[in-house]
Every structure is written in structure tokens, then in C-alpha cells.
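Residue numbers (my numbering), protein chains in the order written: chain A, 1 to 220; chain B, 1 to 131; chain C, 1 to 444; chain D, 1 to 353.
Take these hints with a grain of salt, some might be off.
[Stated by the list, open to error] The calculated label-pair distances, taken between Cβ atoms and stated as ranges, are:
no. : chain 1 : residue 1 : chain 2 : residue 2 : range
1   : B       : P20       : D       : R255      : 42 to 48 Å
2   : A       : G38       : C       : D444      : 51 to 57 Å
3   : A       : I146      : D       : R339      : 24 to 30 Å
4   : A       : I128      : D       : P170      : 42 to 48 Å
5   : A       : I128      : B       : F106      : 25 to 31 Å
For the record, the hints were derived by calculation from the structure and aren't laboratory data. Quick caveat: nothing in here was measured; it's all calculated off a predicted structure. Yeah, the Cβ is synthetic: ideal placement off N, Cα and C, and Gly gets one too.
One letter stands for each residue in the lines below.
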Amino acid sequence: MENMTLLDFARGPGLQWALWIFCLGVLWRIVGAMYLLGTKDLSKFRRNHYIRDGLRACLTRSTPAEAFEDKIRFQHISGYAWHIALFVSVLFFAPHILFFESIFGFSWPHLPNTIILFSGAVATALLIALLIRRVVHPVQRLISTIDDYISIVVVLLPLITGLAAFAHIGGRYETMLALHLLAVELMLIWYPFSKLMHAFMTFPSRYQSGTFFGHRGVKA
Amino acid sequence: MSSLDTIPVTTEVATGNVAPLLHEIRHALKRLTGGEEGTSIDLKSLPLAPGEEERIEATLGTGEVRAEVDALGPTLIQETSYPGVWLITHKNVDDAVVARFIEVTFIPELLRSQPEDIDAGIDRLENELGS
Amino acid sequence: MNVESTSVHELEAAIENLEPTVERLGLSDEERVARAKRAFLRKLDGRKAVDLDTCLHCGMCAEACPFYETTQDERYAPVHKYRLLRRVYRRQLSPMRFLYRPFTPDITIDDLREWRHYVFDACTGCARCDMICPMGVNISSLIRIVREGIGAADLMPPRLQRMKDEQQQKNSIVGVDGQRLRQEIAKLNEQGVTVPIDKDGADTMLLTTVTELRMFPSQLGACASILTKAGANWTMYPDAFEAANIGYVAGDTAAMRVATKRIVDKAKEKGIKTVVVGETGHGYQTLRWLGANTVGERLPFDVVSIIEFIQQAQADGRIALKKQDNGASVTYLDPCRLSRKGGLIEQPREILKSMGFDVRETEPTGRENYCCGGGCGEYVLSTGSELRHRVFELKKNQFDDTEADGVVTACASCRFNLHVGADKTNWQMPIKSLVETVAANMAD
Amino acid sequence: MRKDQNLGEYLRSQGVSRRGFLKFCSATASLMALPPSAVAQVAEALAAARRPSVIWLSFQECTGCTESLTRSHSPTVESLIFDAISLDYHHTLQAAAGHGAEAAREAAQEENKGEYILVVDGSIPVDNPAYSTIAGISNLDMLKHSAKDCFAIVAVGTCAAYGGLPGAEPNPTGAVAVSDIITDKPIINVSGCPPIPVVITGVLAHFLTFGTIPELDALGRPTAFFGQNIHDRCYRRPFYERGEFAETFDDEGARKGWCLYKLGCKGPITYNACATVKWNQGMGFPIQAGHGCIACSEPRFWDKGGFYDALSTGDWGSREALLGAAAVGAALGAGSAIRARARKRKAMAEEEA
Numbered sequence: 001m002e003n004m005t006l007l008d009f010a011r012g013p014g015l016q017w018a019l020w021i022f023c024l025g026v027l028w029r030i031v032g033a034m035y036l037l038g039t040k041d042l043s044k045f046r047r048n049h050y051i052r053d054g055l056r057a058c059l060t061r062s063t064p065a066e067a068f069e070d071k072i073r074f075q076h077i078s079g080y081a082w083h084i085a086l087f088v089s090v091l092f093f094a095p096h097i098l099f100f101e102s103i104f105g106f107s108w109p110h111l112p113n114t115i116i117l118f119s120g121a122v123a124t125a126l127l128i129a130l131l132i133r134r135v136v137h138p139v140q141r142l143i144s145t146i147d148d149y150i151s152i153v154v155v156l157l158p159l160i161t162g163l164a165a166f167a168h169i170g171g172r173y174e175t176m177l178a179l180h181l182l183a184v185e186l187m188l189i190w191y192p193f194s195k196l197m198h199a200f201m202t203f204p205s206r207y208q209s210g211t212f213f214g215h216r217g218v219k220a
Numbered sequence: 001m002s003s004l005d006t007i008p009v010t011t012e013v014a015t016g017n018v019a020p021l022l023h024e025i026r027h028a029l030k031r032l033t034g035g036e037e038g039t040s041i042d043l044k045s046l047p048l049a050p051g052e053e054e055r056i057e058a059t060l061g062t063g064e065v066r067a068e069v070d071a072l073g074p075t076l077i078q079e080t081s082y083p084g085v086w087l088i089t090h091k092n093v094d095d096a097v098v099a100r101f102i103e104v105t106f107i108p109e110l111l112r113s114q115p116e117d118i119d120a121g122i123d124r125l126e127n128e129l130g131s
Numbered sequence: 001m002n003v004e005s006t007s008v009h010e011l012e013a014a015i016e017n018l019e020p021t022v023e024r025l026g027l028s029d030e031e032r033v034a035r036a037k038r039a040f041l042r043k044l045d046g047r048k049a050v051d052l053d054t055c056l057h058c059g060m061c062a063e064a065c066p067f068y069e070t071t072q073d074e075r076y077a078p079v080h081k082y083r084l085l086r087r088v089y090r091r092q093l094s095p096m097r098f099l100y101r102p103f104t105p106d107i108t109i110d111d112l113r114e115w116r117h118y119v120f121d122a123c124t125g126c127a128r129c130d131m132i133c134p135m136g137v138n139i140s141s142l143i144r145i146v147r148e149g150i151g152a153a154d155l156m157p158p159r160l161q162r163m164k165d166e167q168q169q170k171n172s173i174v175g176v177d178g179q180r181l182r183q184e185i186a187k188l189n190e191q192g193v194t195v196p197i198d199k200d201g202a203d204t205m206l207l208t209t210v211t212e213l214r215m216f217p218s219q220l221g222a223c224a225s226i227l228t229k230a231g232a233n234w235t236m237y238p239d240a241f242e243a244a245n246i247g248y249v250a251g252d253t254a255a256m257r258v259a260t261k262r263i264v265d266k267a268k269e270k271g272i273k274t275v276v277v278g279e280t281g282h283g284y285q286t287l288r289w290l291g292a293n294t295v296g297e298r299l300p301f302d303v304v305s306i307i308e309f310i311q312q313a314q315a316d317g318r319i320a321l322k323k324q325d326n327g328a329s330v331t332y333l334d335p336c337r338l339s340r341k342g343g344l345i346e347q348p349r350e351i352l353k354s355m356g357f358d359v360r361e362t363e364p365t366g367r368e369n370y371c372c373g374g375g376c377g378e379y380v381l382s383t384g385s386e387l388r389h390r391v392f393e394l395k396k397n398q399f400d401d402t403e404a405d406g407v408v409t410a411c412a413s414c415r416f417n418l419h420v421g422a423d424k425t426n427w428q429m430p431i432k433s434l435v436e437t438v439a440a441n442m443a444d
Numbered sequence: 001m002r003k004d005q006n007l008g009e010y011l012r013s014q015g016v017s018r019r020g021f022l023k024f025c026s027a028t029a030s031l032m033a034l035p036p037s038a039v040a041q042v043a044e045a046l047a048a049a050r051r052p053s054v055i056w057l058s059f060q061e062c063t064g065c066t067e068s069l070t071r072s073h074s075p076t077v078e079s080l081i082f083d084a085i086s087l088d089y090h091h092t093l094q095a096a097a098g099h100g101a102e103a104a105r106e107a108a109q110e111e112n113k114g115e116y117i118l119v120v121d122g123s124i125p126v127d128n129p130a131y132s133t134i135a136g137i138s139n140l141d142m143l144k145h146s147a148k149d150c151f152a153i154v155a156v157g158t159c160a161a162y163g164g165l166p167g168a169e170p171n172p173t174g175a176v177a178v179s180d181i182i183t184d185k186p187i188i189n190v191s192g193c194p195p196i197p198v199v200i201t202g203v204l205a206h207f208l209t210f211g212t213i214p215e216l217d218a219l220g221r222p223t224a225f226f227g228q229n230i231h232d233r234c235y236r237r238p239f240y241e242r243g244e245f246a247e248t249f250d251d252e253g254a255r256k257g258w259c260l261y262k263l264g265c266k267g268p269i270t271y272n273a274c275a276t277v278k279w280n281q282g283m284g285f286p287i288q289a290g291h292g293c294i295a296c297s298e299p300r301f302w303d304k305g306g307f308y309d310a311l312s313t314g315d316w317g318s319r320e321a322l323l324g325a326a327a328v329g330a331a332l333g334a335g336s337a338i339r340a341r342a343r344k345r346k347a348m349a350e351e352e353a
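Extracted from the complex, chain A is given alone in its bound form (with noise of 0.2 Å):
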């Protein structure tokens, strides 16, 4: 493999070995923390009604209740708008898609890129302002960590380098695609080691927050 280009690299070793890292990471922190010793309640509920109770609260997470709503609009919306504009342009480019596809092995209609990059920009302009909120804002500075910041460039990386490689800005165009893969797979290596997991863990902890409070009688 003499000669290599960085974007041979990029699509072939490093793409390996990111989503190698990413599976293996991924698997370690769920199973790692899901397999803990468990603490069995030996209380007697008041309702037990595992699965409504815990789905419920998937659900209901996903929406403030009432009483919060006033308080945190800003976070409300401007989360909901930083993931769907994410996912538009993650999971809805035409290039993406193929990429999924030769992956998992289906695909789906994507949109045009007008609209990609629309929702690239809001996705990036978003996660630059809940950045700043995070610097600014007194509870969310002071909570931070590490790992808080450098998940937000991770992510962000990827963003803005794939907008570059679709406006042509910086580079040549297999330069930024090639930058563009290589945040990717950055992103994918740190993955499992931050934050990002959230993904993966958030249904489960409203899951279990749902049964904890339905045991209870409380629909959390």
C-alpha cells in the first residue's frame, strides 16, 4: 500500500479501524455499565408495570412537562432543532446514504442538497451556540468537563468539513473529503470514551426511571 493518499487512507485503514474501535467501545461501556452488580428493590410496588411504565417515560422525556416548559425553551427547541438538523444531514444526503448502504446493506430516499446543506448550516450554527451557552452560561460552565468541550469540537469537525467538501472551500475537494473522513472517524474513535454514548444510554436511564418512579405510583 505504498503511495497512499491521505484519502485512501482515509476510506480504507482509518475507516477500519475507527468503526472497529467504535463497536468495540460502544459494546464495552454498555455491557460495562449494564452488567454492574444490580440492586434488587425489594420494596412491594404499588404498580408493576414494567414496560408501559418504562416506555412511557422514553416517551415523555423526549418533552418538558409543563411546569418546566417556561425555563428551558431555549434548550428545549434549540436541542430538538440541533438533533433534527443532525440527522437531516447525516442520514438524508444522497452521499451518506450510499455510505450506509454499503454497510448495512438498504437504503432510503434521500433529500435534495439544498436542503442538506441548510440543515448542515443550522446544525453547525447550533452546536457553535450551544458551545458559547456552555462557556457562558454560569451552571453549564461550571459542570463542564473536559470531555463536554471536546465532544462538541468532535462533532462539530466533522460538520464543518463536510459543508467545506460540498461548497469546495479550503481545499482541494478529495483534501476536504478526506478531512471530512478523518473527523468522521475521529469522532467515532472518541465516541465511545465520552459523551456521545448518550445515544446509546438515554433510553435505557428514562427506561429505568420509568419503572423506578411507576413502582411508586408516579408516572415520571
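Given the coordinates of chain A, work out where chains B, C and D should sit on it, guided by the hints.
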């Protein structure tokens, strides 16, 4: 060939390069009348979709002057319907196009008699007379 | 029904008079930190690991916390309060601990002392944060573990330390023991309320609290009247009557187990079928939800709140309640450990409505109700009085907005805290107990 | 053409008028991708140009490059350029053969020391030099020998420029590019499989006109021809922007001439002049014919994944490998949890004590 012809192939593709080219020609004309030098555009340097070159030609139309220069194969010089805009097509001896230009000028250089050729002509004439 | 302010000060003085007055010596700093970490490790399980790994540090929980809301002090953000636990988890138990370890500082004795303020003075474990977390993290239970860690390090606020020692060693709280119970029962007898003591063959056992006995003995009387009226075969045991569990409050799990075991052992010994817990939030919580887990086995009896008892008796037709004819209105203060953490949200309201009260809800209410500010021992901490009072102000405004004729609660600590606040601010809204209201409205 | 004649004199002696010369210059400028405004400069330079000697070596190649050149679509101009150079050795095209041919090569090298242009097509096997020899001389030796006295080297085709097809995995002959062997001479890579014929003549025209090395990109290619990528100059680009893609080679999108990205077009990473100069008398180029670009002018294009795999896909390995990694991760997770449990139990035991 007839079976190939039955395959419907659409060539109605637009690169979006036609309009800017026409604007460029308009600016070049204004520069020319403003006393500046003429402009020459190499049509081969533009990425054009199939059919777009024909569309440019059709848009420009044909004007009053049409000349053919016979030097290393034919060269067609056609003034378009916009005076000062010339379409120049160089062909080789096999009648294949080797280059195509749009020139915005009062008269294409190639139509002028060239001093070197005039000199050669004088020589020949003098030979004729002197012999 | 207003409590004399002297009795407030009397209780405070009684607590102050307990020895010693400063942080107890005896343990080295290293041993304290080691104990705290052991307590963390014991409580960290798969559930907590998922919670800790899910937290995004979004900070929304701060917006649910009454202490943050009233101070805007970022250190009171719930997520910050369990930071020490997260650090120990990351260093010692998390799946990738070897990677996190170099970047995660170990906890120190100074951390424990700093966090003592956050988890004792500025947290009542009200679990409002649990309700806002978009990730479904059970935040209050994580903060609870930090409290237990600091408790294990014997660094809890000195007042709570003295109180839990007293309960653990002498089976009394600020001097309130079986003897005091007998005295109060004697007074109730004089008022015509009978409280059976050590009755053989009883299948129902009533628990009361130090707060009821010292501040609101009439609540005990009301409970007694209701149990008797409902025809329960009930009794009280002077050596196992205390529902309050200072070990729980102080974060000392050993002391907590001693207090819980006294009741569980007594109930088992006497063949009790139902333990009725009087008006207390944390007393209900420690027995109803934590009891079996504390003693390590399923309980052979039911634990019910007096609220549940009343409702069941109503449903069975054993007691009937008179309807108000004057259209009086009340608002209900949800004790955190009965409502959000106990599952008794609709029940007290139904009881009030069955008596014809116009029940007016505060904004917010029920599951999202604000804590009174004094729960989980907070109300005996001098260090927390300033914070507690700010939260009271918040509650007061919410009560006033309902324009109700009075506020009803079902927890003596909440009630006491409201009285202290009312005393300071000269607040005039009547503060009532649910059992007393029920007892006063029982039809003959 | 006599050696002491310059090109202007030579053309005039051949009866080419000034008009004809100007036309030749226009075509040459267009060939070199120079702006039309450079015609006058080209004319001046060409009129005074001296005739360079060219030695053309063919190594591990398929003769496609030479075929391409001889099919150049402007034979008049091209023949003029070929007339204007002295092609002293080209074993496919020359009439001489055997010892006579090799002697001509040696003579040209001796006569034009330091001035001749060395054109190479094909890669050079270095695993065993005997894999490819000419007149008993290995490609490696011949290249080294011929390069010694040259002015510059033009590596024609992707094989000579980057190793090309013979160098594709697993590269059985150990094929390498000219630039892997010769490092002390300017090398101009005219890559492509084959290169566009007018690009080859365009580079020769540049030498003829200016006698200098043209501006090169990072891969040693003249930026005049390789400066822009196919995707940027592709007439189908608007479909890419609109997200209109042919999904198969015979669907509605393919008929409508939509973008071929999904069918594996490598246009976005390919630098060549196909989209503007085009092939076959300017008739079209692969994308216009309905097939994606295969990046033939790029190094290692054979090993960049399938020609029909979209650019955004990568060689991500196999599902089995990913599942294996996941299984290892799960095992590590379980292991870490078991150790954590032990640690937890120990803490609890210590607490009891």
C-alpha cells in the same frame, strides 16, 4: 444504428454556463465601444453540456459577414447577429474542428492581410514583373 | 392552630444542647475519604452507572431546583451536587476507568467538606430534578449517595450527627423517647382520645414522629381517632413508635438500619399486618420504599401512610366524612416524599374533595410541586436556614396566588417549616394538617 | 526542417502563410489551455522556436498512450508539432528496427546532450529488471541511461507517472513510476489511461513554444490541463447539486443524464481536462457517454475501490470484523464489570469490618 436511435436519450441539460457567457459578451462589446481592446473566448475552455454550444450559436444568430479563410484547412468566420461578435471555427484539412472562438472585435485579425504575407506577395509580384 | 414560636425555638435549643458542638474528631482525613468512597462504591450499581453515563451536563436540572432558582448560585445545580460520585465512578467502576483515571481527580477531604454544604444545606432530596431531566437520570438518588458518602465519612452537619447518634444509641430524638410518648398519650387521654399501648393481638401498628410529638401532638390524636373510628385493631409501641429516621437524614446507613430494624423487628415480633405511618414524608419513604432494602429482606407486613389508610377506610365505608357547607377552599402542599417520591399525589386531594373542600392547586403542583424547603433534615440545620427561607418565600407566593382559605399538608416537617417561615414573615394563611382536618370532619 | 532553422522560417519555407501560422498558434494556445489573449505571445515564441530532439521510451505499457496520441483529433496541428520536433527514437512508430534503432537513440542522446526531451510511457519493473527489456537492455537501465543527459522527462500515461495498472495490487513485477527512479531531472506527468491526446501534444507544444517546464501540481502534472477536477467542470454538476442521481445505468435518471455519483463516478477526486477538452474530435467524454469517471489520471486508481462503488463509500472491512470487534468489546465490558463487582464487594466487606 436504427435500434440505437430508438433509445430515448435526453440531452436537454443545462450547465448554467450559457447565460454568463452571453453576459460576458455584452460586457466585452461595451468595452470595445469604449475604446478598449477586443476580447476572445475559447469555447473549448467552457464546460458545456451536449447541445449548449448549439444553443449559444442559435442565440447569437448569423449576421451580415461570412468569410472563409483557407490556410492549413478551412477557417469559418461568421459575424453573428450582434455586430462586433464573431464566431470563428478553425478546421483542419480533414474538416474536423480544431478550435472555436468567439471574438468580440471590429474585425478578426485573421481577415486582415498580414504584413509578412504582403511582403511575400510583393516578392512574388516583383519576381513576376522582373522576369 | 398556630404553633407558638417559642416551641420552634425550643426544638432548636434542644438540638443545640446535644453534645458535641463541633465536627467530631476521631477519624483521620484519609480514613474519612476512604469511607466516603466505600459508601459510593456500595451504592453504585448498573442503574447508577447508566445514569452517570447518560448525563450530558446540559444543566436543565438546575432549573428544577428550588435552591438554584432562589439563589441563582450555579453550585446548587443538582448535577454539580453529585459530581464527587461521578468522579469515583469514573475512577473506580466505570468500564473504561483506566482511561478516565488520569483525567479524573480523586476526591479529597476538602471536597467532602465543600459538598456537605451542597447536599445537606442546599438539597432536600425533593427529586424535582428527576422530573425535568431529559435523559431520565434519577438525579436525586445520585445526590443521595453523596450524602451517604459524607455521612460515612462522619462529616454530616454536627446537629444531624448528634441527632442520629442519639437515635441509634438511645432510641430517642432530642430527648423524645418512649417515656415522652406515654406522657403525650396521657394528655390525649385527658382530651378523650384513647391510644392503645403495647396491646396484645393488635394487627395494626401506628408510627408517629418526634416532630408530631413535640410540635403537633394533636396530629397523633387525630391519627388515633381515625384508626379507632375505622375499627382498626391497632396499637403503639413506646420502644418502636418513631417513624423519623435521622440515620437516613444524616446519610448514616448504619444508624438508618438500626432505626428501621427497631420497627421491622417489633412488627414481626408482634405479628403486625399493617404499619400505619403518621404524617411524615421521610418516615414514610424510609419504611415504605427503603425499609425492605435497608433490612435486606421483604417485609412481611404492609406499610401505609395515614393518607392511604383514610382512603381505604372511606372506600370500605368504615369512616364517613362530613361535607363542608361553607365552600371553604384549601390548597395542598405536596410533601416530596409522599407525592413525587411516594406516589401519593391524587389520594390526599381526593380526601380533601370528599370533605367538600374547594381544592386549589398551586402553580406548579402535584408531581412538579416545589419542596417546602425544609425536608430531609434541612429544617434543623442552622447553616441552611437562609436558603430554606428563600424557598419558603417562593412557596408562600404560590400559596397566596391560589387565594385559598388555608394550606393543608400531610407531613409534620413541612408543616413545621411553614410555621417557621410564617413566624418570620408574619404570614397569615392558616396551616393545617390533613389528618386533623379529617379527624375534625368525621361523621358520627 | 533543418536544425538551424527556427519554426517560423521552417513553416514559411513549407508555404504556410502568416494567416496559417496564426491559426496554428490559436489552435496551439487552445491546446495548451492558454487564454486566447496569449496567442500573440505564442506566435512570437513559436516563430523563434528551435526544434527539440525527443527520445520516446516505451516500457511496461499497452501502447494505448501511443494509440491515443496517433488518434489525436487535430492531425494538421499535431503533425506540425511532430514535424517541429525531432522524434529521434520511438520503437513503435519508427521505421528503423534492431541495432539501427538503438544506435539512433544513442546518437540522438549524444548529439543533444542536455537538451533533448525524454518521453516515457509504461512503468518500470524493479522486482526483476528482466521482466521487461528492449534489445536486451532492461527498462531500468535504459531509463537511467537515457535520463542522464536529458533536459526533462515527460511521463506519459498513468503507468509512467504513477505505476498505473502494472503497479496495481499486488504489483507482481514491482512496477514503479519514472519519478521513483529518476529524481534529478524535471519530470512532467501527463497521466491518464490513456492521457487525452491533445494534452500530450499540448505539453510538447509548451516545450516547443517556451522551452520551459510548465507549471505543475503536487502530483507533477501540468496545471493547465490538470488544474480542475472533473466534477467541477462536469456539465452534469447541476444534477449533483439538486440531488438528482441515476440509480442504475438504465433508469429514468440515466436517460435524463443525471449525475452518476451513485454509480461510482470518481469525478470529484479526478483532475483532468476531459470535461472541457473532451475526446474523439471533441464529441464527448466518459460521463457524457453515461459512464462515471474512473479516476484514470489519479495515482492508484485501480486500488481505490470498485469503479462502481460510490465515492462516499469506504472500504470499511467486513460485517464479521465489526461483529468481532463488538464481541470483543462486550467481553471487555463484562470483564471490566466483573472486576468492578469485585472491587465493589471488597469495599462493602471493608465497610462491614
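How the hints compare with the structure:
1. B:P20 with D:R255: 42 to 48 Å: At roughly 28 Å between Cβ atoms, R255 of chain D and P20 of chain B fall outside 42 to 48 Å, so the hint is violated.
2. A:G38 with C:D444: 51 to 57 Å: 53 Å, holds
3. A:I146 with D:R339: 24 to 30 Å: 25 Å, holds
4. A:I128 with D:P170: 42 to 48 Å: 47 Å, holds
5. A:I128 with B:F106: 25 to 31 Å: 56 Å, violated
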